[in-house]
Amino acid sequence: MVSPVYLIAGALGFAFLYPVFEAAGRRVGRGAATAAIAVFLAVTVAWILGLAAGGGPIVSHTAGFAAPLSIDLMVTLTDAVVLTVINTVALFGFVAMAFRRESGWMGKQVVLFFVLLVGSYGLVMTRDLFNVFVFMEISGIAVFGLLGTSRDGRAFEAGFKYMVASALASIFFLIGVAFVYRSVGSLNIADINGSAHLFVDGTAVLALVFLTTAILVELKPAPANGWALDIYEAADPGLSALLSAINATAMAMVLTRVLPLLDPRLLAVAGVAAFAVPHIQALRQESLGRMLGYSSVAQVGLVVLALSVGAPGVPFAGIALPAAIVLLLNHALAKAGLFWIASALRDDRTGSGEAPERAWPASLRGRPVALIAAAMLALALLGLPPFPGFWAKWNVVTTLGASQSYVILAFVLGGSLLEVVYIMRWLVGVSRSPGDDATTVAERIPADFAAPDDASGADADEEGEIAGAGVAVAQEGEIVGAGAAVATVAAALVLLISGLMAGWGAGVGVPLFIVAGALIAFALLDAVWIPVAVQAVLAVGGVGAYTYLLVPRLAGAPLVFALLFGAGGAVQMIAFLSGPARRPGLVSLTTAMIAALLGLTWADSPLALFVLWELMTISSFLLVLRGHRGAAGAFRYIVFSLGSAFLMLAAFAVSNLQLFAGGFGAAAPGPGEAIASLAALGRAGSISVLLLALAILTKLGSVGVHLWLPAGYAEAEDDVSGLLSSILSKAGVFLLFGGALIFAVPLTPRIGIDSLLGWIGVATAIAGAMMALFQEDIKYSLAYSSMSQVGYIVLAFAIMSHLGWVTGLYLSITHMLFKGMLFLGIAGVVSRTGTRLMYQMGGLIKRMPFSFISVLIAIIAVSGVPPLSGFGGKWLLYSALLERGWYLQAALALFSSGVAFLYLFRLIHTIFLGQRKAEHDAVREAPLAVLIPQYLFIVAIMAISMYPNVIIKPLQTAIEPILAGAVSWEGYAVITSLGYWNGNAVMYVTMGVFIAPLIWLLVVKGRVYRVEQFNIVYAAERPHTPQSTHYAYNFYGHYKKAFGRLTEPWIERFWNAVVDLTRSTSHVFRSWNTGNPQTYAFQIVLYLFLVLLFFRGVVL
Amino acid sequence: MTQGLIILSFALMAIGMWGLMSRRHLIRIIIGFSLVDTGVHLLLVAVGYRESGTAPIVSDRLPLELLARRGVDPVPSALVLTAIVIGLAVTALMLSFAVRMYQRTRSIYIDKNKELRW
Amino acid sequence: MIKRVFALALIVVVAFFVFPLFAGIGERTDLGPVATAYLEEGARALGAANLVTAVVVTYRGLDTLGEVTVLFAASAGVALVFGTLARRSQVERRRRPPSELLETGASLLLPIIATFGVFVFVHGHLTPGGGFQGGVVVASGVLLSFLGGTLTHTPHRLLGALETVAGAGYVAIGLLGIWLAAGFLDPRFLPSGEIGSLFSGGAIPLIYVLVGVKVGAELSGVIDAMRHRSDVS
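First to last, the sequence lines map onto chains A, B and C. Sequential numbering of the first sequence, starting at 0, is according to numbering that gives the first Met the number 0. Sequential numbering of the second sequence, starting at 0, is according to numbering that gives the first Met the number 0. Sequential numbering of the third sequence, starting at 0, is according to numbering that gives the first Met the number 0.
Everything labelled a hint here was simulated from the structure, so no lab data went into it. These figures come from a predicted structure and were not determined experimentally. Backbone N, C-alpha and C define an ideal beta-carbon position, used for all residues, glycine too. Please note: incorrect hints may appear among the correct ones.
Unchecked claim - In silico BS3-like cross-links for lysine-lysine, where the CA-CA straight-line distance does not exceed 30 Å: (1) K2(C) to K111(B); (2) K952(A) to K845(A); (3) K2(C) to K113(B); (4) K952(A) to K1039(A); (5) K845(A) to K1040(A); (6) K916(A) to K845(A).
Said to hold, decoys possible - Computed list of chain C residues with no C-beta within reach of chain B, every gap over 12 Å: (7) P97; (8) E99; (9) T103; (10) T153; (11) A180; (12) F198.
Extracted from the complex, chain A is given alone in its bound form (with noise of 0.2 Å):
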């Protein structure tokens, strides 16, 4: 193999020849270059090949000596894998800065770039600690250097304070050099790491504090880096990007050199400090490059942190240092992607901007490419499946609660959703629709609507300012030089495949491949132009293989929960036929979650199912985020999403992995067994199923915690809506049944979680139910009508009865089938008429008969009155309540039952019945494939409410095993301790009481008397504009006057105040930035104070 003087000595010579190749051209210097890197490349991916074949580390002794008395470079695999990086980053980061259209590098940049290769290879290689220093110096003069180029004269401000900050860590380096080699007599590093039991008192102790807070500063901690944040806001991104990627890696790794001589407690703490302070200062930026900049120091802080990892007693071992090394890899590359994207875009907007022009960036849509790769690079960056970061990260994170180090997993995982939430704002910013301006998650009524009260007219206001601000898209032009696309695509690409890879080792292959590649697939026939509908047919198949294949390895709950996904899925794909013939990205994101979610329910491991929970989470975002105006309502959707799956990672990380051990493979345990296991975790136990239960309220969009569900469910595509409120919402309600018996785990002996749980199940079926009765928007209506069932779904899971645990899966089953009904009628009404608000409808009833008679079933089937199926669900529900004693949430189940009624009939009178408008009168009937899954569905429907034990039965089986049960059968009659119910005779007495009194009106029919649309004296008030007096409008207006209180929108107060309260804890913090070095030469010291404490307080 190369020996790793060579790769220094070439790089360091490249540096002074270039000016001789430049002579030649510009062309042929930037070609020599670039090969001169892709050599570089290639050794150190040969140095990787060779030592994992095995063989110990390459050596090369310097000036004929070995170590001490000469300087020793040495290449182990780690500083192999890393080089190898730093190189990629280096050659694409090269491509991006020197082949772009203007401002291209030339002489002496393109030597200083070298000059900083030379010094980062030698921040690797190096195992001489003073060379460290002179290594350290090259990187920073040839960024101070490469700084001074920057288009923006705010740089050499910047510069300047960079220069102070890393003159101090060289100065406080050099103290620390001095002190060791007083004390160890050599600079070798593997001398002094001999010699750590020397460093107990006097100078030996000040060595280590002045060395440590070097590295340390020298790696941009917070609270003490100001002057970092304002180069990567000032710096050219290119610049930024290998900055923040290959100059940081390479300091990370002198810091692993002596691990040995430090405490894992400073560098956790250290390290803690700088992963959660720079994410609460980033949530204000309003430049990009600084909130990246800030989401770096971060990183790194991260990395720090997991340095500090390991079992207790054992420090830095196991995991620890694989861990940071890929936490470090997997920053490099997204961070510098970002930055690419940053650079190539030039849009400094971040979305956090106050001032309207300085909200958004422009979209990339229509910019395919680089959306797809700003998306999967974002994704990489906040740790999500399946790239490298996320396996890093659960390590980290379990291996945090396995050591019961709760605080500091609280910050990670507190941190990590700070920066979901501004770097998703981002991605949600450049990937929205044209025409969004990104501010919709409620109904929007235009303008001439002015509802009587006062709250809307904002909206209207807001309305017409943003008509007129119109939407920023990027165009052709603003795209700048094909050197960053290539850079960025490559960086994703390298990111997605080891990811992969990484998934493959950790034992969650197949299902994460299956989603992968559903991904990717149906990605690649978008790109090759198929239409839709062929996709659609294809995925239709896939989906419906897939759980072909998957049913008969399941039993119970996972097995009715994949027929539910599968099944319910490839129906409502269907749909995907009608409708234009090029959406990119809906099959492939739709089949990825419904991939995703019959991955879930054979998940063999927390592991498994974790990543397959944020997979469906990443990828039904991404669908709600192509909705027309979806972006607000997406990015509260992935915030609350991706905060219940942090929760989930702290249960499992707190329940030391024992929830779901096992997943639901055959090596999991029985209930009593998983009880008995979290029993004897003790209080651990109880808090992580209190945890996971919070996760999956939230991910099921619970009262106080549904914030993201009515933009979530509403403005996404139509014939998504459905996919999304019928299937996607089981999700929880899947763990929750898969979890069995451990939710009747007691909080305390007095509380336990399942009663939590039913009070919380029957505010939500309330709360959302009042909440559908005063939507305008048909759309949100039912959204929250969804919140409002899965609320009576969570009711019937937390009575912990056999009785009650069909009925929640019965209930899950019915709701799956007339909500993917309603929202597919629903979806063909809008994509007929073009409104989705109902007073703007009416009379459809002739121009729609199939859809009527769809929505008809749907509702009679949801209100829960007899004969359908949702009257026999209605009625095992009050058994199971009245038979566990409930009677209070029995009666307010009831009440909330008759609230639904009433925003039904509103639904299907003012959109089918009344008088038809002018405009509707050519309307047709919705499209075929719109039609088909509907009465598929009423099939079922049917089918279930005739034979109840058809279902019912088979539930009981799946249940059976947990929960013993006291339901018998007679006939088709269910027997319960309280009564029968026999779906059978319910149906022909209903049929007969509904038939008599439709022949006597038909008969009565002639003397009708028809109200005028516009009849004022119908609507009985006072008409503010001319439409207000239309009947349908605010129809339930005096109950409004009732009960509108309860609809006070205070919970979206109380998260409205939580966001202020951040947003000033963020400026608070922020503040502590002056921008004036000689405030960062004072934090430094400080730092530097801090840790000499540090030392102190321990060893003394």
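Given chain A, put chains B and C in place with the hints provided.
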């Protein structure tokens, strides 16, 4: 001797730090940095000193045989040489940046050159 | 004001914690193992009379190569920092002409300074001094001649060529060390000669000459960049 030199070097660094943190004039801040830097160089030299030692150069006064007993430690001297040159490079760059900051804002005072913050 | 109080307080507090740690430092009589090895064997092994030079150029040669790189990068950096300004040096402001004393003195001293500089780097392995010191002396001569007006036109091409040749030459000598002797920057591929003579120490004098040339050229470049561009307003 060694102890005195070390204390002296730290005193010098403290004075330099004071200048770096309290002066408003960019050039004075840089001078403060140079003082700290010099303090470190002094520290390095002090660390290499041995009692009644002399420069490790073979000459008539210090024949080869006596070198190992009388010569001071050559390593810190080598280090300090490198450190000085690096300090020079950093100072040169700092000065150039200070000049460019002055050209941009027409002020040589640090508090007029802190546009980037938060 | 409050800032200064804080700064002073912090410095005092840090000093308060640091200074007690110096209490136990005594005089050293014995050196560490590495230093002892250098003193005992270095001179003989390399043939360099100046042990510091032996350490600088050979044992810690990688540091020195890095140091040259730092200076090289700094020189490039200074040039870039001022290079983004439009080339306004053409419309250079009229300077006060140098006084006669300065002018005469400069032209008188220049050859002496240059010779001294060359002497210093050529004898780096024998006496205190070396490539850097010599290079700096040479560059100070260049500065003097700028001030004295003897040098009005900067030979950019020459400086660039010197930098390239000296830098690449240094790396090349390092590589020769690998191929002809025991390792990178090993000077023993040339005969080490008799300790104390000019032609001794293997390739050490050669390296020092290249370092001297390079440092002289780079510092002259820095001086030139600052002189030409920094007074533009």
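We went through each hint and held it up to the structure:
For the given pair, K2(C) sits about 16 Å from K111(B) by alpha-carbon distance, which is consistent with the 30 Å threshold. For the proposed pair K952(A) and K845(A), the alpha carbon gap of about 40 Å is over 30 Å, so the pair is violated. Taking the CA atoms of K2(C) and K113(B), the gap is about 16 Å. The hint holds against a cut of 30 Å. For the proposed pair K952(A) and K1039(A), the alpha carbon gap of about 42 Å is over 30 Å, so the pair is violated.
At roughly 34 Å between alpha-carbon atoms, K845(A) and K1040(A) are farther apart than 30 Å, so this suggested pair is violated. Among the hinted pairs, K916(A) with K845(A) is consistent with the structure: their alpha-carbon atoms are about 12 Å apart, no more than 30 Å. No beta-carbon of chain B comes within 12 Å of the beta-carbon of P97(C); the shortest separation is about 22 Å. Distance to chain B confirms E99(C) as a non-interface residue, since its nearest Cβ pair spans about 30 Å, more than 12 Å.
Listed as outside the interface, T103(C) is consistent with that label: its C-beta sits roughly 30 Å from the nearest C-beta of chain B, beyond the 12 Å cut-off. No beta-carbon of chain B comes within 12 Å of the beta-carbon of T153(C); the shortest separation is about 17 Å. Look at A180(C): its CB is around 20 Å from the nearest CB on chain B, clear of 12 Å, so calling it non-interface holds up. At roughly 16 Å, the least C-beta separation between F198(C) and chain B is larger than 12 Å, which holds for a residue marked as non-interface.
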